[in-house]
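Trainee: Okay, here's what each chain looks like letter by letter:
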Amino acid sequence: MEQDLRQNSQPEAPGCGTNNVDAILDELESAGAPELLTRAGPRGLRGSLQALLRMREFSVLSATILLFIALSLATPLFPQLDNILLVARQISILAIIATGVTFLFISGEIDLSIGSIYGFLGIVLASLIAKFGFNPWLALLIVVIMGAAIGFVNGTVTTRFGIPSFIVTLGMLSILRGGALLASGGWPVMIKLARDDPFLNITSGHVSGLVPTQVFWMIGVMALGGFVLSKTRFGSHVYATGGNQEAAILAGINTKWIKTINFMITGALCGIAAALLLGQHRNAFPLTGTGYELDIIAAVVIGGTPLFGGAGSILGTFLGAAVLGMITNGLVLLGASAYFEPVAKGSIIVAAILVDTLIRKRRV
Amino acid sequence: MNRRDLLKLMAAGAGAAAFAPMFAGMSTPAFAQRKKRKVIFVTHDLNPFFVPAIVGLKDFGALAGWDTEFIGPPVHDTQKTVELQYNAIAAKPDAVGFTAVDSEAFIDPIKAAQEAGIFVVLYNTRAPGVKEATGCAYVGQDFIVAGNVAGYEICKYITKKTGRKEGKIIMPIIAPGHFALETRNLGGTQGVERYNKEFGTNFTTEPLAVTTNEAEAVAKFEAKWAAEGDQIVGWLASDFTHGFVGHMAVDKGLTDKFAVGGYDLVDFVLEGIKNGSVDFTIGQNPYAQGFLTSALIYQGLEVGYPASDIDTGAELVDATNIDKVMAREQLWKEKAKEFGLG
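Chains as they are written, first to last, in numbering that gives the first Met the number 0: chain A, 0 to 363; chain B, 0 to 341.
No wet-lab data here; the hints were simulated from the structure. Be aware that a few hints might be false.
Below, simulated DSSO-like cross-link-like pairs (lysine-lysine); rule was C-alpha separation at most 30 Å, straight line [to be verified]:
no.: 1; chain 1: A; residue 1: Lys130; chain 2: B; residue 2: Lys110
no.: 2; chain 1: B; residue 1: Lys155; chain 2: B; residue 2: Lys251
no.: 3; chain 1: B; residue 1: Lys196; chain 2: B; residue 2: Lys164
no.: 4; chain 1: B; residue 1: Lys223; chain 2: B; residue 2: Lys273
no.: 5; chain 1: B; residue 1: Lys130; chain 2: A; residue 2: Lys130
no.: 6; chain 1: B; residue 1: Lys323; chain 2: B; residue 2: Lys160
no.: 7; chain 1: B; residue 1: Lys251; chain 2: B; residue 2: Lys196
no.: 8; chain 1: B; residue 1: Lys130; chain 2: B; residue 2: Lys35
no.: 9; chain 1: B; residue 1: Lys91; chain 2: A; residue 2: Lys344
no.: 10; chain 1: A; residue 1: Lys344; chain 2: B; residue 2: Lys332
no.: 11; chain 1: B; residue 1: Lys37; chain 2: A; residue 2: Lys344
no.: 12; chain 1: B; residue 1: Lys91; chain 2: B; residue 2: Lys37
no.: 13; chain 1: B; residue 1: Lys223; chain 2: B; residue 2: Lys164
no.: 14; chain 1: B; residue 1: Lys164; chain 2: B; residue 2: Lys256
no.: 15; chain 1: B; residue 1: Lys110; chain 2: B; residue 2: Lys159
no.: 16; chain 1: A; residue 1: Lys191; chain 2: B; residue 2: Lys130
no.: 17; chain 1: A; residue 1: Lys191; chain 2: B; residue 2: Lys110
no.: 18; chain 1: B; residue 1: Lys130; chain 2: B; residue 2: Lys110
no.: 19; chain 1: B; residue 1: Lys219; chain 2: B; residue 2: Lys256
no.: 20; chain 1: B; residue 1: Lys130; chain 2: B; residue 2: Lys37
no.: 21; chain 1: B; residue 1: Lys251; chain 2: B; residue 2: Lys164
Interface residues of chain A toward chain B, partial, derived using beta-carbon atoms under 8 Å [to be verified]:
no.: 22; residue: Leu76
no.: 23; residue: Asn82
no.: 24; residue: Phe133
no.: 25; residue: Leu180
no.: 26; residue: Pro187
no.: 27; residue: Pro285
no.: 28; residue: Val331
Being a predicted model, the structure only gives us computed values, none of them experimental. Ideal placement from N, C-alpha and C gives every residue a C-beta, glycine not left out.
Extracted from the complex, chain A is given alone in its bound form (with noise of 0.2 Å):
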């Protein structure tokens, strides 16, 4: 990948050509950002665990195995198979989303409109099938053109005009509550669809009566997420982006369009996510993801993505959704006060942020 990106870039001005590239394949490589810029060499059992310890990810692995354990030893139903596959199917939708947000994140940006993107989308997704008779696929089909619309709308009002995305998604958020307000009248909107109906069934059936397709679409959304992140020119350009715009830009790179494109994966995302949220309560509610793009942050946070950009991965945002969702579970197993639940995230958040600056730090 390292050639890769040294292949391809194109630098703009003279004297800015091979030099500027290898400066931020350098920076991303102290960053500790991508494995891909690794140089691969000879790696004995040593090597391995050495190569384990320098993960970004290591950290919130460690913590996600160790949560599971001091859960798994505190409740024995914790453990239970079906257990499992609920905390899984709790956190699949999250962590679709979460996925777009580590490709923002590693660029550099953020989306606080995310929340209200997949509320909006519910309830335009709900009244496309309710309202308006159309077919549910066509009408998820439109609603993911419709995310990435509204994503393109967040990404080029922040790459052209310069305003930080912080404030364009703030807006954002209120413009599509507000809408999710307005196109359903404050009401639900339900579908009447068969309760064998194939859209119900993919959305949110189960597979063998017992894995829910939640998770399927959760494993395929972050496996190609991991992929085009890790394998991809794109992928590369991303970390690139949030690295170092700079060096990236004199390296050729279209960073402008690589954020928007970041923004565009985000909103569609929610709007897969809406559909399978739909598909599971057959009613779409306008208040929906009130709130949820803070859990979703937390997640990519938790997982070790930088909010400044330029390292992170899916792995580590998986993971991070994983001990969200094993608070929650985990919390009501053991009895503890429904307002101590808020309080345990928040420790968990600022612990995973300190952690992760203690580890940057050892690492400079």
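We have chain A already, so just place chain B on it with the hints.
Mentor: Okay, now just chain B, sitting in the frame of chain A:
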């Protein structure tokens, strides 16, 4: 309060009385020797309204020797509520109390609980169709009836305070799409229309989406008043935000300009009635929603009777009975502290 509402209140009281013998035996071995049970309540929104319901569950749980748990998302959120309901089922309790604020989304988790052999009773909110789909009994308010009471009452106060015969009644709502709140507004509009018909007035209603964040809600109220103050004659919240309207009225010296009413017995609403900035509130006996739901669960688990619906009424609280009500609600607050909830 009309005769029908009084009858409903009496019915709720009778329901409580029916369980009295059970509570009377709380110190007897017969009650204490029952199997230890785990009972989990899941709500759709952990706002202050539910503290008495939590205390009701804890009180009954203490009598029966149960392990009890009361959980819910910090703000109204159907997706998170359903997730918590499934988590509660995974904890393998003997019984659950669920709220069902939607006709479709809660049917699957309720059925999943029933299929797992868990006794289910609904409390606080049961959307249309849920009873037919699940057969679950419900302990809570009839929202159309409560809305009718409130709608009629706000008109009486408008006439009394302002002498006006027409104008706009604003209906703040913290969660548009929430079945209970929207239904109260529907009932409220019906109550207003009933009053118009009886007294030849021409009051109209208009919803206003707000949040539980007081600063944000008050900003909206102030903007609404600035824009349409000459038309607004009353505020009838579908929830407890009439307490916020009362704060605005005091701050701006508007207490005699309009009537203010709404629902629930949270602290700042009762304080508003006491200081005259709120005219009335409609209670729904949240303590009963915790306690009587638990009692239905107890008789189902231990004796085998099926649960049946209990209407917890529409208690009108105004200046005439505020002292008594405040004293009563203070009791629940103290109990909440005992359980580490206050």
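Trainee: Hint by hint, note whether the structure agrees.
Mentor: Okay, the hints, checked on the actual structure:
no.: 1; hint: Lys130/A - Lys110/B; result: 28 Å, holds
no.: 2; hint: Lys155/B - Lys251/B; result: 23 Å, holds
no.: 3; hint: Lys196/B - Lys164/B; result: 12 Å, holds
no.: 4; hint: Lys223/B - Lys273/B; result: 25 Å, holds
no.: 5; hint: Lys130/B - Lys130/A; result: 26 Å, holds
no.: 6; hint: Lys323/B - Lys160/B; result: 24 Å, holds
no.: 7; hint: Lys251/B - Lys196/B; result: 33 Å, violated
no.: 8; hint: Lys130/B - Lys35/B; result: 29 Å, holds
no.: 9; hint: Lys91/B - Lys344/A; result: 24 Å, holds
no.: 10; hint: Lys344/A - Lys332/B; result: 27 Å, holds
no.: 11; hint: Lys37/B - Lys344/A; result: 25 Å, holds
no.: 12; hint: Lys91/B - Lys37/B; result: 8 Å, holds
no.: 13; hint: Lys223/B - Lys164/B; result: 20 Å, holds
no.: 14; hint: Lys164/B - Lys256/B; result: 14 Å, holds
no.: 15; hint: Lys110/B - Lys159/B; result: 50 Å, violated
no.: 16; hint: Lys191/A - Lys130/B; result: 18 Å, holds
no.: 17; hint: Lys191/A - Lys110/B; result: 19 Å, holds
no.: 18; hint: Lys130/B - Lys110/B; result: 11 Å, holds
no.: 19; hint: Lys219/B - Lys256/B; result: 18 Å, holds
no.: 20; hint: Lys130/B - Lys37/B; result: 24 Å, holds
no.: 21; hint: Lys251/B - Lys164/B; result: 24 Å, holds
no.: 22; hint: Leu76; result: 6 Å, holds
no.: 23; hint: Asn82; result: 5 Å, holds
no.: 24; hint: Phe133; result: 19 Å, violated
no.: 25; hint: Leu180; result: 6 Å, holds
no.: 26; hint: Pro187; result: 5 Å, holds
no.: 27; hint: Pro285; result: 5 Å, holds
no.: 28; hint: Val331; result: 4 Å, holds
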